Amino acid sequence: MFQVRLHGRGGQGVVTAAEMLSISAFLEGKHAQAFPSFGSERMGAPVQAFCRISENEIRSREPIMNPDAVIILDRTVIEPANAFSGLKENGYALINSSTKINVSLSKSLKIKCIGATEIALDLVGRPIPNAVLLGSFSALTNIIKIDSVIKAINTKFSGSIAEKNVKAAQIAYEQTLGGM
Amino acid sequence: MLQQLEGSQALAKAIALCRPQVVCAYPITPQTHIVEGIGELVRNGTLKNCEFLNVESEMAAISVAIGSEAAGVRSYTATSSQGLLYMMEAVYNASGLELPIVMTLGNRTIGSPINIWNDHSDAMSVRDAGWLMLFAENNQEAVDLHIQAFKIAESIKCPVMVCVDGFVLTHAYEQVNIPEQNEVDEFLPKYNPHISMDKKHSYAIGAMVSPNDFMEVRYLAHKRQLDALDVISNVREEFLSKFNRNSGGLIRGYNIDGADTVIVAMGSVLGTIKDAVDNLNASGNEKFGVLSIISYRPFPQNEIKKALNQAKRVIVVEKAFALGKGGILSQEIELVLKGLNIDVISIIAGIGGRIITKQMLMECFENPKDKFQFLGLNRATIEKEYQSPCISKVGKE
Amino acid sequence: MSSLTMGNRFGRNTTVQSENNRPNSLTSGHRACQGCGEALAARCSLDAAYIETKGNIAVVNATGCLEVFSCAYPENSWNIPWVHSLFGNAAAVASGVAAAFKSQKKDIRVIAQGGDGGTTDIGMACLSGMFERNDDVLYICYDNEAYMNTGVQRSSATLTFARTATTLPNGQYMGNDIRTGKNVPEIAMAHGIPYVASASIGDIHDLEKKVKKAIHIKGAKYIQIHSPCPLGWGYPTENTIQLAKLAIKCGLYPLFEAENGVVVNSTAIDNIISVESYLKGQKRFAHLFGKNAQVNSWKVIQELANNHIRKYKLGEVVYE
Amino acid sequence: MNKPFATVLDPGTSLNNKTGSWRTIRPEYVHRLPPCNVTCPAGENIQQWLSLAQEGRFFEAWLEMIKDNPFPATMGRVCYHTCETTCNRVQFDGAVNINLIERSIGDIAISKNWKFSPPEKSSGKNVLIIGAGPSGLSAAYFLRKFGHNVTIYESHKLPGGMARYGVPKYRLPRHILDAEIQRIIDLGVNIKCNQKVDCLNDVKDKFDAVYLAVGASLASQTDIEISDDSKTVDAIDLFKNLEDYPDEVPNLGQKVLVYGGGNTAIDAARTALRLGAKSVKIIYRRTINNMPAHESEIQEALSEGVEIHCLRTISSIKGEKILLAKMNYDEETNNLFKTGETELVIADSVIFAIGQSVEDSIVKNTKGILISNKGVIEINKSMQTGVKGVFAGGDVIHGKRTVTHAIGYGKKAAKSIDAFLNGKEYEPNLKNEIANFKKLNTEYYKSDKRKEVCRLGELNFEEKDVSYSDEQIIQESNRCFSCGNCFHCDNCYAYCPDNAIIKHEDGTLEFNYDYCKGCGICAKECPCGSIRMVTDDIN
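Chains as they are written, first to last, in this note's numbering: chain A, 7 to 186; chain B, 66 to 462; chain C, 7 to 326; chain D, 306 to 844.
Hints listed in this document are in silico derivations from the structure and should not be mistaken for laboratory results. All of these numbers come straight from a predicted model, not from anything done at the bench. Some clues are possibly wrong.
What the hints assert, rightly or not - Computed cross-link-like contacts, PhoX-like style, restricted to lysine-lysine with a CA-CA straight-line distance of at most 25 Å: (1) C:Lys224 with B:Lys264; (2) C:Lys215 with D:Lys751; (3) D:Lys417 with B:Lys264; (4) B:Lys255 with D:Lys308.
To be verified - Here are a few chain D residues that face chain C, going by a calculated C-beta distance under 8 Å: (5) Ala311; (6) Tyr749; (7) Glu757; (8) Tyr800; (9) Asn804; (10) Ala805.
All residues carry an ideal CB built from backbone N, CA and C; glycine is no exception.
Taking the hints into account, I'd like the entire structure generated from these sequences.
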């Protein structure tokens with residue numbers, strides 16, 4: 007079971023990212039479960055979402071407290087949301103940031119920063135970094151294939167928005183692979 | 066077809082497959098996505114010959130469904146929490162009129178204080194309202210129960226409420242097998258209403274009934290619910306043979322043969338419970354089993370008794386309780402097991418969306434300290450509040 | 007012979023009610039009080055709708071006198087498809103019935119009906135919702151100006167100073183001195199629905215004309231019918247029609263029609279009378295005229311009538 | 306369909322609930338007597354023929370008229386129509402113009418040559434009627450219809466009595482009168498004119514019954530001092546001469562006085578104008594409001610230029626000088642006295658129109674027939690004189706002397722004689738309660754002004770044609786309230802909150818006491834007062 011926790015703010019597509027992640031896994035024949043940290047839907051408020059990926063049926067519905075990876079869509083929530091809490095030893099932390107983030111942690115993590123918002127603005131025209139980060143996540147973790155991410159984007163979006171997001175995710179994927 | 070879908074979207078698709086002709090909706094979290102989904106299916110032409118009404122309140126929503134069922138068409142609505150209470154009067158009315166409405170209850174607690182998160186307080190508040198109440202364990206079952214619900218409702222002329230845990234299921238993406246339209250059509254034939262409103266059926270529906278006959282009306286309604294036990298089982302069988310999925314029915318056991326302790330629960334918490342029980346069984350000596358109650362109304366007493374009578378201990382995990390008394394489901398289980406010398410423990414969990422973790426459950430199952438307890442209750446807060454001059458010290462626990 | 011009668015042997019300008027094959031939507035054996043205005047209003051309205059649609063109507067009834075006296079097991083007085091759900095939800099149930107017919111492509115016209123309590127008070131939310139959605143329902147309110155079924159308590163349709171069980175004229179209180187605050191036809195008009203009308207059993211020609219017109223209009227329609235209640239108002243049972251006529255003649259119950267939110271027609275009064283002659287025949291206003299009455303207190307009601315006369319252009323104000 | 310128990314019910318099942326048991330009073334349909342009918346001297350069922358006229362069924366309306374009066378066209382001209390005075394519509398927007406409708410239909414009957422149907426049977430009995438005036442002719446008509454053989458002896462040249470000799474032509478054209486008399490003759494009545502009966506005893510035994518209808522044809526006498534050179538004439542003689550010798554136009558001079566205040570005085574004055582008088586003055590002792598003449602007649606006379614000088618009596622007539630005594634009259638006490646003042650007027654002639662009296666010589670030798678102190682023959686309630694089989698009516702008895710009354714007497718006498726001939730006593734029908742205005746609910750009648758006509762024509766002896774057109778007849782008939790009798794307005798049926806009235810195919814209505822709760826709305830909303838509430842019998 008691979009568990010991912012996503013952090014961000016309302017309006018950044020945190021929940022959609024979790025959903026697309028689950029769809030990507032599903033498309034690879036895996037079981038996946040995505041769910042938000044339920045609350046009223048307010049723009050700008052800190053938001054969490056979760057995604058479990060497994061070869062077997064997923065029954066548990068508890069929130070993810072010990073993720074294998076965290077995806078941070080907005081670096082400003084890291085502290086207030088305690089975004090790294092419970093993250094496993096050698097877990098992944100994918101952070102939307104064009105500059106490198108210095109975090110002092112007691113455990114070793116695989117941290118990757120990517121300027122997803124810039125890529126999104128550049129290619130999609132909107133500051134929604136979720137698809138970009140999923141492309142990067144695919145490269146970073148290899149838990150899901152980039153093809154699955156592209157398919158997932160295409161189920162959630164359509165037309166030019168889908169096209170642009172796919173492009174952005176691919177760029178992020180390439181960038182991430184190249185940077186490793 | 067197997068799809069990765071949000072629970073609400075899956076339900077919207079499933080309900081559309083049942084071809085309701087009137088769907089009415091009033092927004093309340095967390096039920097909203099379901100009717101939004103149906104609305105979209107109506108608008109894009111997937112669900113044909115269906116009137117989708119945006120009404121001004123839950124009272125209107127259920128009332129529209131009452132009207133359309135009375136006029137002889139398959140009708141659907143959904144609500145949660147306060148919405149259910151707001152339609153309460155009509156909830157009783159719908160069952161009294163024997164109108165086979167199907168309603169999704171996206172379970173949510175009841176305020177005040179206002180709280181939009183999941184528990185079963187809303188469902189428990191209508192447990193005597195004459196509706197059949199079925200609880201879904203996961204989104205696949207939620208989908209399947211809705212398809213079964215129309216069939217059950219229409220065959221016994223009684224409304225059915227399908228309880229789906231708010232957020233936990235309604236907002237969760239997971240894989241769901243959505244049946245094909247032709248399969249559903251075969252399973253759920255065209256609605257043949259027992260009452261309708263036209264020149265040929267000039268009936269008066271909803272007569273006043275005096276003390277001379279009212280008790281008989283109620284008795285018959287009770288009898289109908291008891292008869293529904295068989296209907297629910299049969300529909301499950303039929304569904305199984307048609308769709309090859311073991312969804313619905315009255316109860317479902319998990320490792321209960323030879324279990325010392327059986328955990329009884331309803332709804333989505335069962336998944337986490339099963340994981341907890343698997344962990345316990347893998348490590349300890351005591352053997353744990355799980356009993357899912359799918360049909361809460363009618364209450365399958367005999368089936369429950371049969372499932373539990375070998376256990377030494379029964380732990381009921383319930384997401385609602387009766388203030389001033391205690392667990393609700395546990396009381397009913399206790400009555401079923403009366404005289405069998407089985408300990409019944411009531412664990413109130415997840416109230417107002419409080420986190421229920423596998424860890425918490427395991428600890429509690431292994432060593433339930435009290436016969437009645439609240440899972441994850443913050444003692445410090447309680448103690449602090451007890452120091453407050455505003456709180457009466459009388460009857461301090 | 008006069009065309010003001012309900013029928014005549016020449017068949018000129020006759021009412022549905024005068025026809026020997028009228029449908030009797032509400033038939034005999036119902037348990038309404040002697041001289042019940044509501045029973046009459048309901049039969050008149052539904053018969054007109056029935057004739058106009060060749061029997062293709064379905065009726066939703068709010069809880070209240072009409073429902074209780076017409077349909078108690080084992081006796082049903084209705085000869086039309088009829089459903090009763092609750093006190094406050096008739097409009098919504100009717101929306102559901104209309105939706106059902108629409109989905110089945112059945113051309114059956116839907117009528118919801120209730121008293122003033124079930125309409126102007128507890129049923130207001132559902133009513134407004136039905137209006138706002140412009141659902142294809144004709145809502146008829148039989149207005150007898152109080153909760154009669156429960157023993158004559160004040161409703162938002164109760165006339166100023168009227169005595170009810172909850173507005174007794176005790177001490178300094180003058181009956182319903184809360185004022186008459188809710189003009190539901192105007193509220194209906196504010197929704198911009200295609201058709202709104204007021205009517206009265208004091209003018210059945212007019213009433214039938216309005217129902218016949220409304221029943222064909224697609225969308226939400228509202229007709230409020232003044233239906234005197236011998237019990238609640240305190241008058242001899244034979245005076246039901248007379249009082250309805252007096253209410254029209256003094257201007258207190260203006261008869262008008264509105265389309266899409268605009269008054270398009272009102273019935274002018276030939277010889278306007280004083281409200282006094284209307285009020286005096288009713289016990290609910292006896293305290294305005296008795297020994298201990300405040301002098302000319304009833305003139306407040308006259309002013310209400312005058313306002314109607316001016317607003318709906320019923321004629322010249324005669325009594326100031 | 307397997308319906309839920311108790312909450313879903315079949316339609317109309319409340320018919321099992323007989324709410325009639327709630328009732329303490331109950332409505333019933335009644336027939337009340339309309340005031341027009343009550344006051345009609347001939348007892349015409351006016352409402353009934355108006356009802357037929359409303360439907361344009363003029364023949365049936367005429368048949369209904371002739372049930373009580375064989376002279377519709379005549380009566381439509383000369384009747385003083387008390388029916389219209391008492392018509393309830395007077396209190397609403399003016400009486401129904403009954404008289405003109407009767408005339409109009411009567412004229413249609415003449416123009417279409419409608420006949421009386423012959424008697425259905427023959428009794429073989431012979432009845433003699435003495436006098437072919439309105440009363441005698443009326444009696445003859447009814448007796449003939451009853452199947453008796455009728456012979457009339459008439460002293461004048463022509464039948465018609467006062468209708469011919471007391472009513473000027475411009476009010477009653479003779480072809481109208483002749484046509485209506487001819488119908489009676491056509492029915493088989495044998496009228497022998499110029500046949501004066503001097504003594505009843507000479508003829509009475511030859512018949513099974515006799516009806517004395519000789520009228521009052523003697524001009525009343527006065528004690529006014531009249532000089533020999535004065536020119537005076539009795540109105541009744543003036544009319545007779547005009548009728549029997551139309552070529553001899555009497556010369557009344559330029560200035561004419563008429564003495565009297567009745568209809569005859571008015572007729573005389575208007576006749577004088579037509580004979581060339583330039584000034585006609587009526588001298589009457591009381592006030593104009595007390596004149597016995599009919600209001601409309603007075604108005605017409607005034608319009609034609611007749612002057613009416615009230616509160617005066619004639620003291621003496623000396624040539625052209627006529628001395629009048631001024632009078633004082635107290636209406637309350639009915640005291641009439643001379644003021645002492647006098648007035649002298651100049652006139653070429655004076656016409657007396659101060660009443661007529663009965664010529665009683667015919668019965669002087671008949672034992673048992675009594676003459677009252679007022680000079681009229683006394684009769685019992687069956688109109689029989691003191692002699693068995695001898696009846697009397699019309700102006701010879703005490704009562705109102707109008708053509709209409711005469712026709713009424715004739716009808717009543719005929720019924721009595723018929724009963725007598727069958728060995729029975731005539732019993733009049735019991736009269737229903739009167740439908741007065743209070744019993745009506747006039748809200749349901751639309752205001753519709755009475756259609757008036759102006760009867761005034763040119764100053765000659767031709768009648769002005771004022772009859773209604775067919776449409777006008779229908780329109781005016783429709784103004785009838787139908788007082789006291791259901792006219793099928795269906796108000797009761799429509800307004801009953803309990804549907805407790807059954808309307809049959811033919812439009813007739815019946816109370817269904819199974820469901821009637823006795824609220825009384827039907828009675829209250831009945832426009833014509835033909836429903837009454839009565840205490841319910843306790844069964």
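The hints, checked one at a time:
no.	hint	in the structure
1	C:Lys224 with B:Lys264	20 Å, holds
2	C:Lys215 with D:Lys751	19 Å, holds
3	D:Lys417 with B:Lys264	56 Å, violated
4	B:Lys255 with D:Lys308	19 Å, holds
5	Ala311	4 Å, holds
6	Tyr749	5 Å, holds
7	Glu757	20 Å, violated
8	Tyr800	6 Å, holds
9	Asn804	5 Å, holds
10	Ala805	6 Å, holds
The structure is inconsistent with the numbered hints 3, 7, although it conforms to all the rest.
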